[in-house]
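Student: One letter stands for each residue in the lines below.
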Amino acid sequence: VTTALAAGDELHAGPAPPPRGWRRLLAPGWVRVPWMTALFFGIGLGITLLVRWIEGWHPIWDGQVITTVELAATPLGFLAGIGGFDYWVRYAIGSPTRPEDHSGHGAYSWRDYFRINTDHKVIGIQYLVTTVFFFIAAGLMAMVMRAELARPGMQYVGNQVFNELFSVHAALMIFLFIIPAFAGLGNFVIPLMIGAPDMAFPRLNALSFWLLPVAGLMMLSSLVVPGFGGGWTCYAPLCSTHQELGAVFFNMGVQWAGASSIMTALNFLVTIITMRAPGMTFWRMPLLVWANFTTSLLVVIATPFIAGSQFMTMFDHVMHTNFFNADQHGYVLGYQHIFWFYSHPAVYIMMLPGFGIASEVISTFARKPIFGYRLMALSLMAILVLGFSVWAHHMFVSGMAPWLRVPMMVTSVVIAVPTGIKVFSWLATLWEGKLNFSTPMLFALGFVSMFVIGGLSGIYLAAVPIDIHVSDTYFVVAHIHYVLFGGSLFTIFAGIYYWFPKMTGRMYNESLGKLHFWLTFIGFNATFFPMHYLGIQGMPRRVSDYAPRFADLNFFISIASFFLGASTLVFLYNMIVSWARGEPAPSNPWRALTIEWQVASPPPVFNFDEVPQVVGGPYEYGVPGARHAVFNGDRAPEREPVSSG
Amino acid sequence: VGRGVLVRLVAVGLAAAAVAFAVAFFVPWLPTPASKQADRIDFVFWFVSVISIAIFALVASVILYAVVRFRARPDDDSDGAPIHGHTALEIVWTAVPAALVTAISVVSAVALAQNDHLPKKHMRVNVTAQQFAWTFSYPKYRGLTSSILRLPIHEPVELKMRSKDVIHSFWVPQFGQKQDLVPGITTRLVITPKRLGAYPVVCTELCGEGHAIMRTEAIVMRPTAFVAWVRGQERAAAQASQGTAGGGPGLSVFKSAGCVGCHTFKPAGSTATTGPDLDNLKADAQRAGKPLEPFVRQSIIDPNAYIEKGYQPNIMPSTFKSLPRQQLDALVQFLVKGQK
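Chain order of the listed sequences is Z and S. For the first sequence, my numbering gives the first residue as 1, with consecutive numbering after it. For the second sequence, my numbering gives the first residue as 1, with consecutive numbering after it.
In case anyone wonders, no lab produced these hints; they're calculated from the structure. Hints should not be assumed to be uniformly reliable.
[Claimed, not checked] Facing chain S, from chain Z, some residues (calculated, C-beta under 7 Å):
id, residue
1, TYR235
2, GLY334
3, SER343
4, MET400
5, LEU404
6, GLU432
7, LYS434
8, LEU435
9, SER449
10, LEU461
11, ARG542
12, PRO548
13, ASP552
[What the hints assert, rightly or not] The calculated label-pair distances, taken between Cβ atoms and stated as ranges, are:
id, chain 1, residue 1, chain 2, residue 2, range
14, Z, LYS514, S, ALA81, 46 to 54 Å
15, Z, PHE563, S, GLY232, 48 to 56 Å
16, S, ALA236, Z, PRO548, 27 to 35 Å
17, Z, VAL406, S, HIS154, 24 to 32 Å
Glycine residues also receive a C-beta, built at the ideal position from the N, C-alpha and C atoms.
Bound-form chain Z, shown alone (with noise of 0.2 Å):
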């Protein structure tokens, strides 16, 4: 489970050892956290009581205020102990920052997983086995609510904790797991990718990821907390003065995850835009980089509306600024309209990287260049612009000016048209390719089938008259599934699949990675298709108990998700298994043509003992003499790109 040294790493021998005796109190790492953690707590608790005390503010112990001021002081505590701040305080205050030694890069042993490290290859793992965890975690209880509706009536659980169940199921997926993950596959692959020795700010990026633990357990302590049963959207008013404590866990979760997001997010811009290797032009770049470019943009523009609306949520219901309060002139709908401006570019945060993973998988394994490359990627950008034009969709019957709605219903059914393009291009890749069935393949493959019925099921919610029927029904459940179920996790899985021979240096089990695609493609459709018939016969959402005539397909339901969940059985042992013990992966098992796949498995510490020089397009499959990458030792002629599109 290490990133094997390789010659010429003599340099950068690990870390330096662990000072000794007290001192190893001041090292950064897991010695320093608990007393930091208790430190920044208590300088939390002191300040607001001694300004409760000052300001004569009874009671002046307030365990509401207290715990909203710790969510923000004690995470810093950990994130001081834990050393993400230290070079930059160090700096900050004058004292003689170390020079940059790189003992921070690379992982020896399985310990420096879990520390503050720099290298983007371990971060990128970092990433992915805490976002599998609360993916489990979510998943486990969206489990548990399916036992819940397998009968009618109320059987294991009551309404709030039905309620919460639901809302911490979709916060951890949405922040915790779809967003996170592809910035973990993001984070291993794109430096890869583009010919460079990491990411661009590689404190920054450690950072990022130590912000995750912090969101999630928040999130996670949203279930114990009483009240957190708003939903992931979190309406104000029931999310801001209808709620106890537990919404402001969610409220802080956010801007923790947030925060993570849009560091990592401005990371990827700056490496991507300054950190090509020569020769990398845009017009040179793999989908996936174009891809995460796009998202990041997303990511940067959008984050600070969701951080926005979830501070004046809290604000409401902890500082009664009545931002959304009616009874003091406040304005319930501006919450919509500002967390749907996030949220509904959030959408495309969490799908584009998955176009981008769809693109690499289906172009290597059809063995053929993508079909309309260019436009694969003038299209990413019609979504992203799109994209930000059309959050009122998910308002239309929320009492907004009725105007906007045909507006934003023709901006809503205009993004078909760039995402069309996409698929049809998938399609024309396949023809007359040579295909190859591996398991990234099949979930690509799964992907795209599933996605198209996603996005048809997307038309009927932006056509107005029939969005007006059924939202906030069983058919959005059914869509938002296909679209972040079919369409995102299926991506996931397909680029770690795809990508695992190159993080762990192991091929997986090939014939577990297929039973894997069979039985969540089966369970999927199983679970969720018969969902878009529930919501438009009258079954609503977010619900615990539903009409008897509901009963029969409910059950199905339920028996159709523990099968799907009981899939996912087989993918954690396939890649625990295989991590510890699978074949050793040759540097290119799928003959790919893209950088990453130009180096060992796994990469060197510092990917590249030469810059690559970039040649060529990423995809020139079936092209005689075509390269996209040369190191020096065998350079090639330069040559003119192949026109592409």
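Let chain Z serve as the given structure and place chain S on it in line with the hints.
Tutor: Chain S in isolation, oriented as in the chain Z frame:
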């Protein structure tokens, strides 16, 4: 692309389309429409469905065809044909979807405009939502209030909707129409019932712990039956205000505070079943081991103090403790005197 390929591809496409059409037409997807608006929604639904089925069939057939036809043999390490693009094809698959979505937009916009249109001659109903109950009042009949929405058939009705606490959403699946009720603003919805029957009213916006049980009924009646019901209600109200029940201020609090939305209580003419039946308060008080009047008062200001068997805690809002003292007293008296 050769001719034979095209023929086979079309064959697969037709097969996929046939399967999709079978699923679309043999499954009764839509509830039987009970309003004029639902008819238009259904039309848009089928318009979009036909286009969707065509696109799905196209994609499915190409994938299936490619998976079978272009599968590489295990020993085949060669690459596919180096096709980088095809400008005409790319223009087609940009232009055709653009035309299709334009058509969908136009059809939807027209249907929406028609569904929003309110004829001059219409009835108005005020809808009030609160956690977790609906109250419908008819301004035309001097504030007649009901927990069940009763509508005469074929008469367009405009619902003027307000919420007392959080966001709720009014939906009758058979009417097709849906609208959120938002604190601080008044929203509206137009419905023209066209089919007799009783239909569920469902709250579709998550509104708290009791969201799943925030249900009532919409009943579409013959105009004569509707008028008879109105007269009956007015008579009952008149009797209640003069009779032994005391009526008067207590009755109006019972209606304005929304009690009618959840409870059955004969003197008020309410028949809702979300909460316990208030005609049995004597027996309930006995089970709770308290005298009647303190029991009633406590149950209003602290609903979780005693939970009747078969009901759940935290469903009744705790906001009634802020009722003005006078109103609270009147309400308690009304409830106590109404017991047989």
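Student: Identify every previously stated hint that the structure contradicts and give their numbers, smallest first.
Tutor: Of the numbered hints given earlier, those the structure breaks are 2, 3, 4, 5, 10, 12, 13, 14, listed in rising order.
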